[in-house]
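J.: Sequence:
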Amino acid sequence: MFEQPQDLTWKQKLAHFYKECKRVLSVTRKPDQKEYTTIVKISGAGILLIGFIGFVIYAIKELLF
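When you line the sequence shown up against the working numbering, it's residues 30 to 94, in that order.
Keep in mind the hints are simulated off the structure, nothing from the lab.
There's no promise every hint is true.
As the list claims (entries may be wrong) - The calculated label-pair distances, taken between Cβ atoms and stated as ranges, are:
no.: 1; residue 1: L77; residue 2: K40; range: 43 to 53 Å
no.: 2; residue 1: H45; residue 2: A88; range: 48 to 58 Å
no.: 3; residue 1: L37; residue 2: L77; range: 24 to 34 Å
no.: 4; residue 1: D61; residue 2: W39; range: 33 to 43 Å
no.: 5; residue 1: C50; residue 2: G73; range: 52 to 62 Å
no.: 6; residue 1: D36; residue 2: G83; range: 46 to 56 Å
no.: 7; residue 1: A88; residue 2: T66; range: 25 to 35 Å
no.: 8; residue 1: I89; residue 2: Q35; range: 43 to 53 Å
no.: 9; residue 1: S55; residue 2: G75; range: 26 to 36 Å
no.: 10; residue 1: I89; residue 2: D36; range: 49 to 59 Å
no.: 11; residue 1: K40; residue 2: I89; range: 54 to 64 Å
no.: 12; residue 1: H45; residue 2: S72; range: 53 to 63 Å
Stated by the list, open to error - Below, computed lysine-lysine pairings styled on DSS-like, alpha-carbon distance capped at 30 Å:
no.: 13; residue 1: K51; residue 2: K63
no.: 14; residue 1: K40; residue 2: K51
no.: 15; residue 1: K70; residue 2: K59
no.: 16; residue 1: K59; residue 2: K48
Note that the Cβ used here is the ideal one computed from N, Cα and C, for glycine as well.
Start from the sequences, fold in the hints, and give me the full structure.
T.: Shown next as structure tokens:
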């Protein structure tokens with residue numbers, strides 16, 4: 030978002046990084062219960078889908094070779 034000038038010293042770069050981290054943390058918030066539940070469900074479904082795809086590929090490989 031904000032480009033950092035290249036001619037800064039390492040102390041100035043560190044100070045800039047600290048300010049950016051502080052800005053990001055001030056904008057973030059903790060998810061509420063409904064949002065957290067939705068994230069858990071979607072993540073779980075994704076894990077199951079990837080596992081199922083891997084199982085299908087493994088089963089096809091075993092049948093063919």
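J.: Confirm or reject each hint.
T.: We went through each hint and held it up to the structure:
1. L77 with K40: 43 to 53 Å: holds (48 Å)
2. H45 with A88: 48 to 58 Å: holds (53 Å)
3. L37 with L77: 24 to 34 Å: The hinted range 24 to 34 Å is violated for L37 and L77, with Cβ atoms some 47 Å apart.
4. D61 with W39: 33 to 43 Å: holds (40 Å)
5. C50 with G73: 52 to 62 Å: With a Cβ separation near 31 Å, C50 and G73 fall outside 52 to 62 Å, so the hint is violated.
6. D36 with G83: 46 to 56 Å: Check passed, 49 Å falls within 46 to 56 Å.
7. A88 with T66: 25 to 35 Å: holds (32 Å)
8. I89 with Q35: 43 to 53 Å: holds (52 Å)
9. S55 with G75: 26 to 36 Å: holds (30 Å)
10. I89 with D36: 49 to 59 Å: Hint holds: Cβ distance 57 Å, inside 49 to 59 Å.
11. K40 with I89: 54 to 64 Å: holds (57 Å)
12. H45 with S72: 53 to 63 Å: Given a distance of about 33 Å, which is not inside 53 to 63 Å, the answer is violated.
13. K51 with K63: holds (27 Å)
14. K40 with K51: holds (16 Å)
15. K70 with K59: Status holds; Cα separation ~18 Å.
16. K59 with K48: Holds: K59 and K48 sit about 21 Å apart, inside 30 Å.
Against the hints set out earlier in the document, violations occur for numbers 3, 5 and 12.
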